[in-house]
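Chemist: In case you want the letters, here they are:
2 protein chains.
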Amino acid sequence: MLSVVARPLGLGASCCRGSRRAIATVISGNKASKLVRERLKEEVEKMKVQFCGFRPSLVVLQVGDRDDSNLYISTKLKAAAEVLHSIMSVNENQTVHGLIVQLPLDTVNHINSELVTNAVSPEKDVDGLSCINAGKLSRGDLNDCFIPCTPNGCLELIRQTGVSVAGKHAVVIGRSKIVGAPMHDLLLWNHATVTTCHSKTPDLPEQVGRADILVVGAGRAEMVRGGWVKEGAVVIDCGINYVPDETRASGKRVVGDVHYASANQRAGFITPVPGGVGPMTVAMLMENTVQSAQRFLLRSQSHG
Amino acid sequence: MLSVVARPLGLGASCCRGSRRAIATVISGNKASKLVRERLKEEVEKMKVQFCGFRPSLVVLQVGDRDDSNLYISTKLKAAAEVLHSIMSVNENQTVHGLIVQLPLDTVNHINSELVTNAVSPEKDVDGLSCINAGKLSRGDLNDCFIPCTPNGCLELIRQTGVSVAGKHAVVIGRSKIVGAPMHDLLLWNHATVTTCHSKTPDLPEQVGRADILVVGAGRAEMVRGGWVKEGAVVIDCGINYVPDETRASGKRVVGDVHYASANQRAGFITPVPGGVGPMTVAMLMENTVQSAQRFLLRSQSHG
Chain A
858 MLSVVARPLG LGASCCRGSR RAIATVISGN KASKLVRERL KEEVEKMKVQ FCGFRPSLVV
918 LQVGDRDDSN LYISTKLKAA AEVLHSIMSV NENQTVHGLI VQLPLDTVNH INSELVTNAV
978 SPEKDVDGLS CINAGKLSRG DLNDCFIPCT PNGCLELIRQ TGVSVAGKHA VVIGRSKIVG
1038 APMHDLLLWN HATVTTCHSK TPDLPEQVGR ADILVVGAGR AEMVRGGWVK EGAVVIDCGI
1098 NYVPDETRAS GKRVVGDVHY ASANQRAGFI TPVPGGVGPM TVAMLMENTV QSAQRFLLRS
1158 QSHG
Chain B
858 MLSVVARPLG LGASCCRGSR RAIATVISGN KASKLVRERL KEEVEKMKVQ FCGFRPSLVV
918 LQVGDRDDSN LYISTKLKAA AEVLHSIMSV NENQTVHGLI VQLPLDTVNH INSELVTNAV
978 SPEKDVDGLS CINAGKLSRG DLNDCFIPCT PNGCLELIRQ TGVSVAGKHA VVIGRSKIVG
1038 APMHDLLLWN HATVTTCHSK TPDLPEQVGR ADILVVGAGR AEMVRGGWVK EGAVVIDCGI
1098 NYVPDETRAS GKRVVGDVHY ASANQRAGFI TPVPGGVGPM TVAMLMENTV QSAQRFLLRS
1158 QSHG
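As they're listed, the protein sequences go chains A and B.
Residues in the first sequence are numbered consecutively from 858, following the working numbering.
Residues in the second sequence are numbered consecutively from 858, following the working numbering.
None of these hints come from the bench; they were simulated from the model.
This structure is a prediction, so every number in the text was calculated from the model and none was measured.
Quick reminder that beta carbons are idealized off the backbone N, C-alpha and C, glycines included.
A hint or two may mislead.
Claimed, not checked - DSSO-like cross-link-like pairs, simulated, lysine-lysine; straight-line CA separation at most 30 Å:
hint, chain 1, residue 1, chain 2, residue 2
1, B, K1087, B, K1034
2, B, K935, B, K898
3, A, K1057, B, K1034
4, B, K1087, A, K1087
5, A, K903, A, K888
6, A, K1087, A, K1034
7, B, K1057, B, K891
8, B, K1034, A, K1034
9, A, K1087, B, K905
10, A, K1057, B, K891
11, A, K888, A, K905
12, A, K1034, B, K1057
13, A, K1057, B, K1057
Claimed, not checked - Here are some, though not all, of the chain B residues that point toward chain A, as calculated from beta-carbon distances under 10 Å:
hint, residue
14, E895
15, F908
16, H1026
17, R1032
18, W1046
19, S1119
20, Q1122
21, G1125
To be verified - Sample of chain A residues with no beta-carbon within 12 Å of chain B, all distances over it, derived:
hint, residue
22, N887
23, K891
24, A937
25, L941
26, A1023
27, S1157
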C-alpha cells in the first residue's frame, strides 16, 4: 500500500495563549486534501510517462429513479439484473481500475444493496464496502484491501496532527459500514485501544471523556458537547447535518456531530465542518483509485 | 439462524455468603455444551426422519508434516495445489455441509494459510474464518454468516448467566482472527459498548476494571489478576496455557489467561479452565454444521 507521509500542519503558531492551550488547532481537510491531490497528480503523471499514456480510471454507477411506470411485477427483477449486468461488464473492463456504486440505489424499484455492493470485483472496490474488503480490514490484513474513504481520510487527518495512534485510547461513536465500523478497525490495527459507542451506550459523556482520539460518525447534529471532551484530545467530526438558520439565504447551515464552539475550547486538535473530513473523503477515493491502477500495473508486469 | 434459548444455570444456591457475594458463580462449559449437543441431536433426528436418512456432514482437512524429504523446489507449490484441490472437491461435494482446515498447516512446506482458508466455500465455512464470513460479522450481518466457534461459545456462556449484553460495557483482551476480533463484533452487534485491548494497551488494569463483561483471549497464563476485575463482572476465559506443575504425573497443568483463584473472589460469574470455553467451542462447531445442513435443505427445497 502507498504510505502517506505525515506532514505536521504548521498551524500551531496561534494555538496557545499564555501557559494553557485555550483553543484547539484546526485540522484543515481542505489543506490536507490538496496535498494528497497534488501528490496523486504527480504519481499519475509518472504512470503516464512510464506506461505510454496509461490513466487510472474510475466508474461511478448511479441507479436513478425511473420515470416509466412500474407496470409489471418483473420490473424489479429486471432492474436488479440490469444493475448486476452493468457491474459485471465494468468488472471485466481492463481499462477501469475503480468502480463505486452510488447508494442508495433506485428508490422506486427496491434493489438489494448488499447484493449489488458485493458484485463489484474486490480488486476494483475502491469504496472498500464489499464483504471481502471489510473482512480483510476487520482482521488486520490492511495491505491487501481497500480501506473505506471516510475512515481512511480521518486517519490521515489524525496523522497530520503528529499525535501517534499506537497505545492511545480511541473512542469511535457510530458503527456504520461506511464510517464507524471500519474506523474502529483502522484505529485498532494502528494499535490504539479502541472503544466503540453507539445508540445503546448509556454513559456516552464518560466514554468520550476517556478518549485521547475521538472520531464521531453518529449522524446527529452537535450531539457531542464540548464539556465531554478530554483536555487536549484529537477530535475528528464526520457529521454532515443541516440545521435551520434564518440568517442564511438558504434558510439552513451545515453542522457536524460535535458542538464545535465548545469542543474547540478543550480539544488539542479539531476538524471543522465543513472543510474537515469531507474533502479528505474525496481525496481518499482518488488515492484508492490510483492505488488500484498501480496494483493493476504490477499484476500486468508480473504476468506478462 | 438457530437461536439458543438461554437457560439460567441454577447454580446460584451456594454463591452467596452473608450479604455480599464472596465467590463467583461458576459457568460450566461442560454442562452448557451438553445441553447444546442434546438439542442438536434432536434436530439431527428430525432431519433424518423428514429427509429420509439425511445427515449433516463435516470434513476436517488436516495437512500433516511430510516424512518424505523436501528434494524439489516445486514441492511447496505442489503441496499448496494439492490442498487447494482437496478443498475444491469438498466444496463441490453435495453431501458435505461443513469443511474446516486444521491450522497451522504443514510445518515443513509452508503454505499460505490465508489462501487456503479463503478457498473454503463461504456456505461450508463452519469455522467462520474466511474473509467473506468475517466481513459479514464485522459489519453486523449476523444472520447471513457463520460465527467463529470460540466467540460464539463465549456469547452462549454469557447468555446462560442471565446477564443481558445490550448497554453493558464489554472489554475484550486480544484481537486474533479466531477469538478477539470476532468476539468484539459479536458483543458490539449484541449492543454492548465494546473496548478492545491488546499487547499495546498501556493501562490494562484500568480498562479491565471498567468491564461489566470481560472476555480474555490473550494467550498468556494468568495475566489478568483478580484485583483488576470489576465487582460482579462476567469473566470469560478463553486461555489454554500449560504451566509446570511438579505435583502432576505429566509435570504440567492447564491454566487460563485469568488468575482464577483471585478473580473468582470479585467476579459475579466466571468460567473455569478447563471445562469452560473449551467444550462450548466444540459444541458450537457442531451447531454451525447442523445450521449449514439446515440451510442446505432450505436451498434444495426452494430450488426444487
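Chemist: Confirm or reject each hint.
Modeler: Right, here's what the structure says about each hint:
As the CA atoms of B:K1087 and B:K1034 are separated by approximately 27 Å, the hinted pair is consistent with the 30 Å bound. For the suggested pair B:K935 and B:K898, the alpha carbons sit about 40 Å apart, so the restraint of at most 30 Å is broken. For the suggested pair A:K1057 and B:K1034, the alpha carbons sit about 26 Å apart, so the restraint of at most 30 Å is met. Taking the CA atoms of B:K1087 and A:K1087, the gap is near 24 Å; set against the 30 Å cutoff, the hint holds.
Between A:K903 and A:K888 the alpha-carbon distance is near 23 Å, which keeps this suggested pair within the 30 Å criterion. As the CA atoms of A:K1087 and A:K1034 are separated by approximately 27 Å, the hinted pair is consistent with the 30 Å bound. The suggested pairing of B:K1057 with B:K891 is violated, with an alpha-carbon distance near 38 Å, which exceeds 30 Å. For a cut-off of 30 Å, the pair hint linking B:K1034 to A:K1034 stands: about 19 Å separates their Cα positions.
Between A:K1087 and B:K905, the direct Cα distance comes to roughly 60 Å. Violation of the 30 Å bound is thereby established for this hinted pair. The straight-line distance between the Cα atoms of A:K1057 and B:K891 is roughly 33 Å, outside the 30 Å bound, and the hint therefore fails. This hinted pair checks out: A:K888 and A:K905 have alpha carbons roughly 26 Å apart, not beyond 30 Å. As the CA atoms of A:K1034 and B:K1057 are separated by approximately 26 Å, the hinted pair is consistent with the 30 Å bound.
Note on A:K1057 and B:K1057: the hinted pairing holds, with a Cα-Cα distance of about 28 Å set against a maximum of 30 Å. Taking 10 Å as the C-beta cut-off, the interface hint given for B:E895 is violated, the closest approach to chain A being about 33 Å. This hint is violated: B:F908 has a C-beta 29 Å from the nearest C-beta of chain A, more than the 10 Å allowed. With a cut of 10 Å, the hint placing B:H1026 at the interface with chain A holds, because the nearest CB-to-CB distance is about 8 Å.
Checking B:R1032 against chain A by beta carbon gives a least distance of about 6 Å; that is within 10 Å, so the hint holds. Annotation: B:W1046 was flagged as interfacial toward chain A, and the flag holds, the nearest CB pair being 8 Å apart, inside 10 Å. For B:S1119, the interface hint is violated, the least distance from its beta-carbon to any beta-carbon of chain A being 23 Å, above 10 Å. With a least beta-carbon distance of about 26 Å to chain A, the hint placing B:Q1122 at the interface is violated under the 10 Å criterion.
Nearest Cβ of chain A to the Cβ of B:G1125: about 19 Å, over the 10 Å cut. The hint is violated. Listed as outside the interface, A:N887 is consistent with that label: its C-beta sits roughly 30 Å from the nearest C-beta of chain B, beyond the 12 Å cut-off. Residue placement check: A:K891 keeps its beta carbon more than 12 Å from all beta carbons of chain B (closest about 32 Å). For A:A937, the requirement that its beta carbon stay farther than 12 Å from each beta carbon of chain B is met, with the minimum near 18 Å.
Non-interface status of A:L941 relative to chain B is upheld: no Cβ of that chain comes within 12 Å, the nearest being about 18 Å off. Not every Cβ of chain B is farther than 12 Å from the Cβ of A:A1023; the closest lies at roughly 6 Å, contradicting the non-interface assignment. With a least beta-carbon separation of about 21 Å from chain B, A:S1157 lies farther than 12 Å from that chain, consistent with its non-interface assignment.
Going through the hint list in order, the structure does not satisfy hints 2, 7, 9, 10, 14, 15, 19, 20, 21, 26.
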